[in-house]
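Using the hints, position chain B against chain A.
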Amino acid sequence: MRAEQESFTSAFAERLIGEAIVVLALLSWWFVARGLPEFVLPGPVVVVRRLIELFAAPEFLWNAFASSWRVLVSIAAALLIGGGLAFLAHGEPWLAGVVDDRIKPVLNSFPSIGWAILAAIWFNPGDFGVIFVEVAILIPFCLINIAEGLRNIDHELMEMGQSFTRHRARVLWRLTLPLLVPYGLSAIRIAYGIAWKIALVAELLGAPTGIGYLMLRAQTAADSTTFLATCFAIVLIFVAGERLVIVPLERRFERR
Amino acid sequence: MVDTTIALGQSSRRRGLLARRLAPHLFTLLFLAAWQAAALVAPSYLLPGPAQVAWRLWLFVTSWRDLGHLGASLYHVAASIAISFVIGSLLALIPYYAPLLRFAIERRVGPFLNSFSAIGWTLLSIMWFGVTSLTVIFAISAVLVPFALINMSAGLANIDRETIEMGGSFTRRRARMFALVIVPSLYPFIFSTLRIMFGVSWKVTLTAELFGGNAGLGYMVNMERQEFDTATIFAAIVLIITFVHGTDHYLLAPLQAKVSRHYAG
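As you go down the protein sequences, you meet chains A and B in turn.
First residue of the first sequence: 119, per our numbering; consecutive thereafter.
First residue of the second sequence: 538, per our numbering; consecutive thereafter.
With the rest of the complex left out, here is chain B:
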């Protein structure tokens, strides 16, 4: 790669760096100003102002009832990720150990799960289980399984043959081989799978809760929607964006980088 910055003068480079660092904050300020200006014109049920949303956000984090809804959503997400990760990984392992089933999993089960609509699962589970936590968890898990299946299959396909051979020369016990060789070589993929699932799960959790839940942020948002309490809807959205981005950026990404560095070499 050719480094063009060498040609630039020291001072202009520093100015460029400064602009780069300042631009995002300026953008945030401009965005907030534009939002405030629009909120002055529009009625508050259409667009509440940033101060109003911030106040509602403060009320949210100090109210046990509201935090309870956040807790319910977290529980739904965690349970669905755990369930769908296990199911997806098992489905991915089947063709690895029984190659005769490869066509069935990769060409029949996988594409079917992958093309079935999330709304379909949600409304279907409402008909089967009623409006409960089970409905929400079932619907999110059904959406997440194909992501786990595809990622873990890619991981299994990437396992180094020579490592397996080496492992085979040390032990003939398949369980030992699985725990000591196969699972460790899958670590980077397990992480990237969990990270993708975390992102997607928040996209569908609110939908599932809105239609089929009796607790959770989606349920709360639906209640407020009927009362035209748009500030609460905005507060919930801001909270989710902060939470999802924060967890992904400050927890999952560094962890994944660490794991990949450790096992890639």
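The following block holds chain A by itself, in its conformation from the complex:
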């Protein structure tokens, strides 16, 4: 009983210190910003106020929606293509070398801005170019994760499945895919993080809409307040997406 109480107190103290550090960071931000012009570092109060204004403005919401749906479509497409490549390499041994020694290394070391520049040269500014870049950046992460999942599949379980049915589609649907779910989920989680953090570069070069475009516009106009508020808006949207979509998905499949 006593130990329980002690751990509760220490958890409480940990939490208190954690929140205190956040407050301290905000206070020092406020203190530093006081001596600096607003285009260098605006204070936390102005930025929070702008953040609230942004979430009330239809223009920002529309752009945030544009970025979010591009991210979702890109993750789905990257998962399909990356997963498809992993399945090809797994199912056809002679293709394993093509996927593992050619396609994977090239996609994996391709610089993200390279895709963005190529898309800007090849396509008109718009959704397609942005999604192309994001998918190209995300494919290797999905490919590596799904391939790892396929490698770790329990062979005895597959043999058992094959002794029940000869339909390959049935084995795939009932056995292989469910066994791959944890790897698929971790691929989605990684791709989600990369999409918001790195793949947003796609919107800087080839998009007339989206949060990346808004950030670039604010930065060129030296509007640091809007710029910082947009950065924090991305943090909020990122965390919201993680809590509302990814964590529930993980929980749902954990129980199975």
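Errors might be hidden in some of the hints.
[As the list claims (entries may be wrong)] Computed Cβ-Cβ distance ranges for the label pairs, DEER-style:
(1) B:P721 - A:A129: 51 to 61 Å
(2) B:L717 - A:A175: 56 to 66 Å
(3) B:L566 - A:E210: 17 to 27 Å
(4) B:L566 - A:R288: 31 to 41 Å
(5) A:P296 - B:S600: 52 to 62 Å
(6) A:R220 - B:L788: 19 to 29 Å
(7) B:L566 - A:A174: 39 to 49 Å
(8) B:H799 - A:S125: 30 to 40 Å
(9) A:T338 - B:R602: 36 to 46 Å
(10) A:F246 - B:A790: 29 to 39 Å
[Claimed, not checked] Rough simulated footprint, nothing fancy, chain A against chain B, three-plus residues with beta-carbon under 8 Å:
(11) 559 to 569
(12) 610 to 622
(13) 644 to 651
(14) 782 to 788
No wet-lab data here; the hints were simulated from the structure.
All figures in this text were calculated on a predicted structure; none of them were measured in a lab.
For every residue, glycine included, the Cβ atom is placed at its ideal position computed from N, Cα and C.
Leaving out everything else, chain B in the frame of chain A:
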């Protein structure tokens, strides 16, 4: 694991092996042929042919100016990896030595750093430091810190309690314990952290240089982009892919395997 190849005949297995070994090279040839065919149709500012890119690549490796840009990029990557590795490891060590700060690091600092966009750091550092090397290094380091933090925290969480206890029975000096027990048991994690950071850093370095650098491959690519010199852009991309994959595959992977073998047992 059941070895199904036993059932196959010797000759068909050899044929399979041959196909496996030949397929990647055939694929490369097919890819180059398709590229060449597409380049014949498309104008060269959209898609330069493989020969043109190879020629530009040759000019690149024989020009001191171009190699200077590669050197600048290497310097940016190395400096950022060093800085972010130190910061990330220190952040990971804080909750290990001061458990009261665990919540602050793991639930507040870590997630914040992890969800802040790379573009945000880049454009922010341009506003603060102007268009300099410092901007590029700051932006890459800011992106890399969470990777170091997460990996090194995992390493610290995996340290064998019994080894620590044994170390504790030999010395009470924390510095000695840190240098002789904790750091060596972290070696495999240090390696995997550096390897991940190397991969990610090249993904963001060009972006940072393109927007906020005055030297480096990203800066060069941006200049050529404005002149529609697509062959140089392709050459830079090919160079980076070769360099990153080569370093990872022929240097870091064998080193990591060696270190893991040595310390895992």
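Status of each hint after checking the structure:
no., hint, in the structure
1, B:P721 - A:A129: 51 to 61 Å, "violated, 32 Å"
2, B:L717 - A:A175: 56 to 66 Å, "holds, 58 Å"
3, B:L566 - A:E210: 17 to 27 Å, "holds, 19 Å"
4, B:L566 - A:R288: 31 to 41 Å, "holds, 38 Å"
5, A:P296 - B:S600: 52 to 62 Å, "holds, 55 Å"
6, A:R220 - B:L788: 19 to 29 Å, "holds, 20 Å"
7, B:L566 - A:A174: 39 to 49 Å, "violated, 58 Å"
8, B:H799 - A:S125: 30 to 40 Å, "holds, 38 Å"
9, A:T338 - B:R602: 36 to 46 Å, "violated, 29 Å"
10, A:F246 - B:A790: 29 to 39 Å, "holds, 36 Å"
11, 559 to 569, "holds (count 5)"
12, 610 to 622, "violated (count 0)"
13, 644 to 651, "holds (count 6)"
14, 782 to 788, "holds (count 3)"
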